[in-house]
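Asks: Chain order of the listed sequences is A and B. Note that my numbering has the first sequence beginning at 1, numbered continuously upward. Note that my numbering has the second sequence beginning at 1, numbered continuously upward.
Simulated from the structure, these hints should not be mistaken for lab results. For every residue, glycine included, the Cβ atom is placed at its ideal position computed from N, Cα and C. Take these hints with a grain of salt, some might be off.
[What the hints assert, rightly or not] Chain A side only, calculated, beta carbon under 8 Å to chain B, not exhaustive: (1) Arg5; (2) Gly35; (3) Glu298; (4) Gly300.
[What the hints assert, rightly or not] Coverage of chain B stretches by chain A, computed from C-beta distances (three or more under 8 Å per stretch; other residues unrestricted): (5) 491-502; (6) 529-543.
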Amino acid sequence: MSSPRPGFRHPDLPKNDLGYTRRDYEGAASTLCAGCGHDSISNAIINACFELSLEPSGIAKMSGIGCSSKTPAYFLGKSHGFNSVHGRMPSIATGANMANRDLVYIGVSGDGDTASIGMGQFVHIVRRNLNMVYIVMNNGCYGLTKGQDSATADRGSAGKKGRPNPFESIDLCELAIALGAGFVARGFSGDKEQLVPLLKAAIGHRGFALVDVISPCVTFNNTAASTKSYQWVRDHMEATATFDFIPPRKEITTQYEKGTTQSVTLHDGGVVHLHKCDESIDVTRRRCAIDALEQHREKGRLLTGILHINETLKDTHEILETTETRLNTLMEKDLCPGNRVLQDMMENYR
Amino acid sequence: MGEQILNPTDIQDPEYFHKVIDCQFACPAHTRVPEYLRLISEEKYDDAYMINWESNVFPGILGRVCDRPCEPACRRRRVEDKAVAICRLKRVCADHKGDITKRFPAIPGQKNGKKIALIGGGPASLTVARDLLPLGYEIDLYDDQAEAGGFIRSQVPSFRLPKKVLDEEVSYILDMGVKAHFNTYISSMKEFLKKDYDAVFIGTGAPRGKDLDLPGRQEGKTFIHIGINWLASVQYGHVKKSGKTTLVIGGGNTAMDCCRTARRLGGEKVKVVVRGSRKKMKASEWEIEDALREDIPILEYLSPLAFVVEKGRLTGMTFQPSPEGPAPDQKEIFIPCDEVLIAVGQQNAFPWIEKDIGLIFNDSNRPKVDEITFQSSIKKIFFGGDAAFGPKNVITAVAHGHEAAISIDLFCRGEDLLNRPRPATTLAGQKMGLHDWMYHNEVSEQQRQAVPMASKVKSIKDRLMEVELGFDRKIGRTEALRCLNCDMQTVFSLPLCIECDACVDVCPTTCINFIQNDDEENLRAGLSIPAGNKSQDLYVSGLLPTGRVMVKDENVCLHCGLCAERCPTSAWDMQKYMYETAKAGGK
Ligand SMILES: Cc1cc2nc3c(=O)[nH]c(=O)nc-3n(C[C@H](O)[C@H](O)[C@H](O)COP(=O)(O)OP(=O)(O)OC[C@H]3O[C@@H](n4cnc5c(N)ncnc54)[C@H](O)[C@@H]3O)c2cc1C
Ligand SMILES: Cc1ncc(C[n+]2csc(CCOP(=O)(O)OP(=O)(O)O)c2C)c(N)n1
Ligand code: SF4
Ligand code: SF4
Ligand code: SF4
Ligand SMILES: [Mg+2]
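Could you put together the complete structure from these sequences and hints?
Replies: Written as structure tokens, this is what we have:
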């Protein structure tokens, strides 16, 4: 355990539109290893929620099992949370979302929690397009159980034990795009400048938003031979585009050059301005997005940024035409229309 | 990007980390405050006392009456409003120490053959004696009073500083072998120089109180006194009673001592009158509080016009309300009184230094004195304390004394006075285990502790009764633990950093940033919380692999060590910085 965190904060701590400071979005002190990428992601989540002026009580944190899944204890201490079982966060999140669509759902999972034990649940939550942000803190290993290779570890990559991983890896982003996800992004825990706006855009998107964040495990997988180390990621990362995220109701003040900048309006009214690094990549087209991922993979590069975005899809509630009312506020008269309606229905089948 | 990007901070510069220790840096004698506060929290009072004694010579005295420039500078004020009670804690170690005399430096039996004269027996001269006696110098001290101590004896009232405390610390120095010539007023410098001392130190203070030359001053003179003269007469027992309704004119610390003394000598209605606003008064905040506590009102925005004397008796004074005050258009007002104490400032006066001895004076009638060496235009004559640059305070006089002693020693050894000894510094790691530091890094959230006071009713009746009772051991410990240990420095090692952001994320006060380098102004504005306090430095690293630099705003760092605990590579380390000013001859 580290020393307790002092209660004092900077006297000039800025306030957001709700009058809250960043402190109102903090959680308990982290118990993860010093230097863990997951802690950085927790802080990026804090920053994103603070900057978006989200009401902490309007957020629900969902997670599975793993070091990554522990992190909801370390951010948004005033929000709702459910720490579920290994690989089962998607079904719990689905249930919660079906019952109350008014909350902002932030799911936190690991590469083991998602790509190994939770794969069955993951693919279905993507297909169903549940309205949530699904963050994978991707360290290429099972951190909590002492660093075994996970399904996202690249072939040939080696962690602390030194044995290169013999199996092919799963690219969760590519898979999610193939399964029809409307928002897929990749970030790096060591680059908050990119990660925070990615998270803000993901929150602004309606439907399933996957943010795969490469998050070095300093203890078991930050070696020279690992493709999930700080050094490797820094040396090999490229971005589809740099971008600005303009939150809803904020005035747009910058003029963008036509041609290289592409703008996408999100469901909540926020706008993403993408300034392309490579003109051939159109992240609004699914095929193009998958091509870009494959091309970078072949070159041994790691593609980051917003990988795919499509604002035209329906989310689970729309697909299923569910009620807009929260289930706990549905009264008996809403649920039980009475004998006359029943008789009318019966009449139809006569 | 701005024109001039910042160079990496040179932490080898002894002043860089010194400045981070706000209190020590602000203390004219650079007392190692956090070190002695830690010792007090461990109840090691003798050690704490000696740290003080080496720097400020009068811990028991200063622990009561110091002007405490350290406290407004204290970091704690920037994170939580109220400073650590540094001064009152100094008193704690003085009150609770044992016999420390055996720790004093040895005085060589064999003298070095040089004789030094000190004129004036105040804190400045006593400090010179303290520094030169261990080096084998012979010291002759001349003072016109019967005992040593200067203004701290003749001016500072006993209800703030008991005679016993004063006597004890003054005699520590006299007992080191000072040859004292008391009741000896030096009336001619020309004559004095014939004594052929190797060097002369003049620490005669600023002994002349300013007067108010207004109508009625002559007629009322038996009822009107210059504050500092009056206070001395009270201290020496010549004055035993004051008027019933006394007006004190002036808003400095002398005025506060006058009004509180008058209350103790029978003054029932004592009032302080100031020209400007109360907020702008020169007196220390705590002295004003004490006066108010003793039912002494402070009347603002009144300029004195005249003393009103009827039939040979003073009946009051007239004042002009100031245009900036609440009643700008009001005509003059009359305030009745039967005694007036004038406390409107002090001046230097050197009637005993002949103009033809070759000593150059500047236009404010003070000798020309070098600000570093304290040497005058006559090479073997040195000045210090209030005599050098006008009235200040005890701790400044002590600081001058130390520097003058260095100069006198260099001078007597025929060395260059500007080739001054450097401060002794060390930077030492504080790691014990993974998360254990050799200091108490948990930040106490206790509020500043109140000091116990004697009852007002009793203390008003007795001018010798000390008002502040001082912290006991327990309160002392609680208060000492409020110190943030600003001498435990965060030291950054560029090659070790992997830019994981752990330190950025954990820092409770958002000090640490990794950003593009820029000029100072842009860098300050671009930090995640802009670094608006320009008096506090930025700690900037060299270029990191991502092309960024680490920038730490020193302003509100809590020295909690969490950055170092959470850094996976020990790129941050907590290291204790010891900075000790040089003393004459290295003693
Ligand atoms: C009323 C009052 C209250 C004060 N309270 C505080 C306080 O609470 N805290 C604080 O830090 N400071 C206080 N001060 C200021 C403080 O006392 C002085 O700044 C400090 O004492 C200066 O020290 P010094 O060594 O320069 O000279 P001084 O202390 O002034 O000593 C000079 C000595 O030289 C003697 N002398 C002068 N001329 C001659 C001569 N020709 N021959 C022989 N002897 C001579 C004087 O009689 C005196 O004894 C106060 C001052 C006053 C007036
Ligand atoms: C049903 C079940 N199987 C296995 C485990 C053991 N287990 C705990 S965490 C974990 C892997 C976590 O890996 P990941 O999701 O990548 O999280 P990380 O610790 O790397 O952040 C496993 C296998 C478990 N807790 N429950
Ligand atoms: S917190 Fe302690 S070390 Fe820091 S300035 Fe205050 S007294 Fe000095
Ligand atoms: S010691 Fe480190 S973590 Fe603590 S306040 Fe200072 S910079 Fe921040
Ligand atoms: S925690 Fe250490 S390694 Fe990480 S960014 Fe800070 S100094 Fe660098
Ligand atoms: Mg993992």
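Asks: Against chain B, run the beta carbon of glutamate 298/A and see if the smallest gap drops under 8 Å.
Replies: Hint on glutamate 298/A: violated, closest Cβ of chain B at ~26 Å, above 8 Å.
Asks: Quick one: see if chain A covers the region 491-502 of chain B, three-plus residues with Cβ-Cβ under 8 Å.
Replies: Held - the region 491-502 of chain B has 5 residues with a Cβ nearer than 8 Å to chain A, which meets the minimum of three.
Asks: Is the shortest C-beta separation between glycine 300/A and chain B less than 8 Å?
Replies: 20 Å, violated
Asks: State whether the coverage of the region 529-543 of chain B by chain A holds or is violated, taking the criterion as 3 or more residues with Cβ-Cβ distances under 8 Å.
Replies: holds (count 3)
Asks: At a threshold of 8 Å, is the proposed contact between arginine 5/A and chain B supported by beta-carbon distances?
Replies: Status holds, d = 6 Å.
Asks: Regarding the hint that glycine 35/A lies at the interface with chain B, is the smallest CB-CB distance below 8 Å?
Replies: 3 Å, holds
Hint compliance for this structure: hints 3, 4 are broken, all remaining hints hold.
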